[in-house]
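Novice: Take a look at the letters that make up each chain.
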Amino acid sequence: MNLVIIDTGCANLSSVNFAFERLGVAPVISDDFTIINKADKLVLPGVGAAPYAMNNIKSKNLEDIIRAAKQPLLGICLGMQLLFDSLEEGGETIQGLGLIPGHVGALDTRDLPSPHMGWNQLHPLSDFALVNNINSGDHAYFVHSYGAPLSEYTVAACHYGNPFTAIVRKDNVMGCQFHPERSSKVGAQILRNFLELEL
Amino acid sequence: MLAKRIIPCLDVRDGRVVKGVQFRNHEDVGDILELAMRYRDEGADELVFYDITASTDDRTVSPEWISLISSEIDIPFCVAGGIDSVAAAGARLSAGADKISINSPALARPELINELVGAFGTQCIVIGIDSFENHGVYRVKSHTGDPDKMRETGREMLDWAKEVIDRGCGEIVLNCMNQDGMRKGYDIPQLSALRAACPVPLIASGGAGEVSHFKDVFEQAGVDGALAASVFHKSIIAIPDLKQSLKDSGIEIRL
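Those protein sequences? They're chains A and B, same order as listed. Anchor point for the first sequence: position 166 equals 166 in my numbering, and the numbering is continuous, going up by one each time. Anchor point for the second sequence: position 48 equals 48 in my numbering, and the numbering is continuous, going up by one each time.
Don't take each hint at face value.
As the list claims (entries may be wrong) - Label pairs and their in silico Cβ distance ranges: (1) Met37(B) x Ala26(A): 17 to 25 Å; (2) His135(B) x Ser59(A): 51 to 59 Å; (3) Asp41(B) x Leu197(A): 26 to 34 Å; (4) Gln95(A) x Glu27(B): 54 to 62 Å.
Claimed, not checked - Derived pair list, reagent style BS3-like, types lysine-lysine, alpha-carbon separation capped at 27 Å: (5) Lys58(A) x Lys70(A); (6) Lys162(B) x Lys141(B); (7) Lys38(A) x Lys58(A); (8) Lys185(A) x Lys215(B); (9) Lys162(B) x Lys185(A); (10) Lys162(B) x Lys149(B).
None of these hints come from the bench; they were simulated from the model. Glycine included, C-beta positions come from ideal geometry on N, C-alpha and C.
All chains, full assembly: derive it from the sequences and hints.
Specialist: Next up, the structure:
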């Protein structure tokens with residue numbers, strides 16, 4: 001398995017790398033076009049502010065290569081949000097990668113504390129292979145203030161004040177709003193599903 | 001529903017996990033990685049590592065052990081201790097820490113909170129507050145890792161909490177010092193007072209001694225997580241039993 005973690009210059013690359021290593025694969029962390037092109041599968045991690053991450057992707061000229069990728073691509077947390085058409089951050093709206101239709105906006109948590117931080121329940125809405133052996137009610141670790149509403153691309157939902165998309169998928173592109181690398185056995189199962197995925 | 005978090009806290013000094021009573025008289029309780037792995041296996045929802053000597057000795061936590069922890073455990077963890085710059089925070093997050101917690105350096109220079117939030121986002125910036133009650137007033141102390149270097153800050157807990165929230169922090173850990181290591185229960189009145197004023201996640205710290213204390217702090221103070229050290233280190237409370245008991249009481253818990 002030639003797995004490449006796209007180096008966006010964001011901070012949680014090593015945690016994601018370690019999580020795959022625990023599953024017995026040795027990912028390559030890279031921002032090199034040739035290496036990314038040759039990958040069997042791609043991971044787009046990300047934490048922090050969306051404008052910063054999107055600027056990093058642009059300044060490394062990674063935008064087109066990610067958009068053109070045909071391999072299975074997994075976005076994690078902010079990496080998942082970047083897959084959408086547009087994202088809100090601090091009152092501004094920025095363009096995303098446009099691989100999945102929709103907008104990522106501020107979570108409406110009602111009277112609950114924000115950010116949404118901690119272990120919340122996944123509710124699979126489709127039988128896409130990324131949620132194999134994931135049961136409704138299984139907990140995953142979330143840390144975020146923004147999210148995508150439910151749509152036809154939602155694979156699993158979560159609820160915090162309002163429902164939002166926990167796992168999304170369109171064609172070869174998919175993403176998790178939570179951190180599978182920090183979601184214990186449930187997260188490891190999802191990463192294993194991604195490694196075993198055939199499209 | 002979002003589960004309430006059970007958070008073992010590992011006070012780290014010179015690469016070992018230690019525990020004191022009311023922040024004094026620290027004794028060695030084990031190896032960092034060994035304890036981290038044990039708590040992960042037992043179902044801890046998150047871990048906090050406080051390098052308790054960092055602020056007082058004017059040094060910062062070592063990214064090497066952070067990387068070691070990150071490679072082995074698959075639950076989130078927060079690192080605290082002497083992080084006083086964007087660079088120091090960035091090194092720890094890059095090494096694999098999910099969150100960083102700031103205490104004394106934020107009191108010394110509150111703008112640090114804004115700088116960290118700007119650089120890394122609100123979601124990974126935690127503020128630790130050490131509060132000591134005296135004649136009904138909750139006062140914030142700094143440099144609590146070493147009794148000889150502990151300082152009064154002249155700040156009241158609720159005022160400081162409001163300021164750190166305004167500056168963008170993503171979570172508050174309130175260490176109620178009077179209760180620390182006493183195992184007589186969390187400070188429900190103080191935590192409730194902060195809960196009412198705190199729109200970000202709130203973690204209770206200080207005083208856990210038995211299972212009912214966790215139930216009380218979740219039900220009565222509405223906190224998002226409960227942090228404890230000695231009851232876990234000394235196996236007075238087993239995490240699987242604690243979580244099952246809380247779940248049986250109707251509290252949302254990840255089993």
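Novice: Compare the structure with each hint and give your call.
Specialist: Quick rundown of the hints versus the structure:
no.	hint	result
1	Met37(B) x Ala26(A): 17 to 25 Å	22 Å, holds
2	His135(B) x Ser59(A): 51 to 59 Å	56 Å, holds
3	Asp41(B) x Leu197(A): 26 to 34 Å	28 Å, holds
4	Gln95(A) x Glu27(B): 54 to 62 Å	56 Å, holds
5	Lys58(A) x Lys70(A)	19 Å, holds
6	Lys162(B) x Lys141(B)	16 Å, holds
7	Lys38(A) x Lys58(A)	21 Å, holds
8	Lys185(A) x Lys215(B)	26 Å, holds
9	Lys162(B) x Lys185(A)	37 Å, violated
10	Lys162(B) x Lys149(B)	26 Å, holds
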